[in-house]
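Colleague: Let's have the full structure, built from the sequences with the hints guiding it.
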Amino acid sequence: MKDPKKSMMFTSEFFGDARGPIQTGPFARWKTIRNKPLFRDLGREGNPISYKDIKTVLSKKHHVQITNPTSDPNSQVEMMHNMVHAFVGGQMNDFNTSSQDPFFWIHHAFIDAVWTVFCRQLRHRNIDPQDDYVIVDNKMHRPERYMDHLFPMKNIDGYSDYFANNIYSYGDFAKCPTCLNSPYLKCDYASNKCVGIELHEPRRRVETPPERIKTNHLSTPQNDFTVLAGDDKNWVYIPVKIIVRNALEKSIKKNVIGGCEYLGAGYDNLCSKSVAIVQSNGITYHGTYRNYIVNDASIPQWVYAYVGVKDPGTGSSQAFISVTDKNHQPCDAFCLDLKAKKYRSCPGVISVTNKKPRLYYNTLKEAEENGYPFNPLEADTLDPRIKMAFLCY
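Each residue of the sequence shown is one higher than the one before, counting from 1 in the numbering used here.
Rather than coming from a laboratory, the hints here were simulated on the basis of the structure.
There may be inaccurate statements among the hints.
As the list claims (entries may be wrong) - What follows is a set of in silico ranges between Cβ atoms, one per label pair, in the way DEER data are often shown:
1) Thr288 with Lys61: 55 to 61 Å
2) Leu199 with Lys61: 36 to 42 Å
3) Arg385 with Lys61: 49 to 55 Å
4) Lys356 with Pro330: 30 to 36 Å
Beta carbons are placed, not taken as given, at the ideal position from N, Cα and C, and that holds for glycine.
Modeller: Right under this line is the structure:
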């Protein structure tokens, strides 16, 4: 664009006002986590990403040529990224608050899209981008260092194809003359490049509507349970947490977890999809409950599961809870020490009464609707409702 400050992105149709507190658009009067209004100062500093910037990055043949501190400033993806933060201004111009502006997420998705094209080009040169990690003299960037707030993922896991192959994908960039059939883009025939229409400029008439984008998202782990012994009624459900400690270490580049897929042809298909098997055996009652935990993300870091125990009624129910992984190896049990705010090793025995706060839910539906996160990429947190966790290797 000749004047990026006139971008349609910062109008009521997209992200709202370009300057000052946001009063228009879907994020009007948006409050940040410190209860301060969202504001911007578009164009005072920095600059948006240009076609020249992208061409320079995509002309390079290794990550070492586009990353800081090993590359020239004009081909650093980080520098290209930083200038947009400054260009938008407001919370975006402070890395402590930038993620509070919804534009942050679109910006980072675009940076990732450019990097995805870069990786595709490496493959065309017979270079595996997953192995093209840049080694620098900085312990924070060592390949085997655990990522902040994303344990057990390591820095090198960020280079994996797993995410783009299983969780999201990008469409092609806009090209002349159709420019993705977007009413907000037009073809600049002088440069043969698609550019955004400017504020107050009439929208382009589109003959064919834009293609609907299909999304690939994570879904809640499925529970496929079986009552192995005892009455199949009067069960209540306890949430437990299953941590797969080395799932990413083992096989993230192969997009599978080791286990059932190696047990031979004809093996139970449920096992081939399972993350773990959770089971309860009654101590104060006769009954056994088994739950196969299935997740559509091939390599979870942790999942929440529900295990049935006998309804305690006015008394109590005591059960032994166990978890086995896909190789039928037992997982280590840990019980919550609420005072110490940590989980401690325990034998896996739990006692349930109807006294408040209750440890259980009356139905699986009630348990699943109570706000337990299931996204394996979310940061791990201690939830006082989860009294028992299992560490699987």
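Colleague: All hints, please: hold or fail.
Modeller: Hint check results:
Taking the beta carbon of each, threonine 288 and lysine 61 are about 59 Å apart, inside 55 to 61 Å as hinted. Here the CB-CB span from leucine 199 to lysine 61 is close to 39 Å, well matched to the stated 36 to 42 Å. Range check, arginine 385 to lysine 61: Cβ separation about 51 Å, and the 49 to 55 Å hint holds. Separation of lysine 356 from proline 330 is about 32 Å and conforms to the stated range, judged on CB atoms against 30 to 36 Å.
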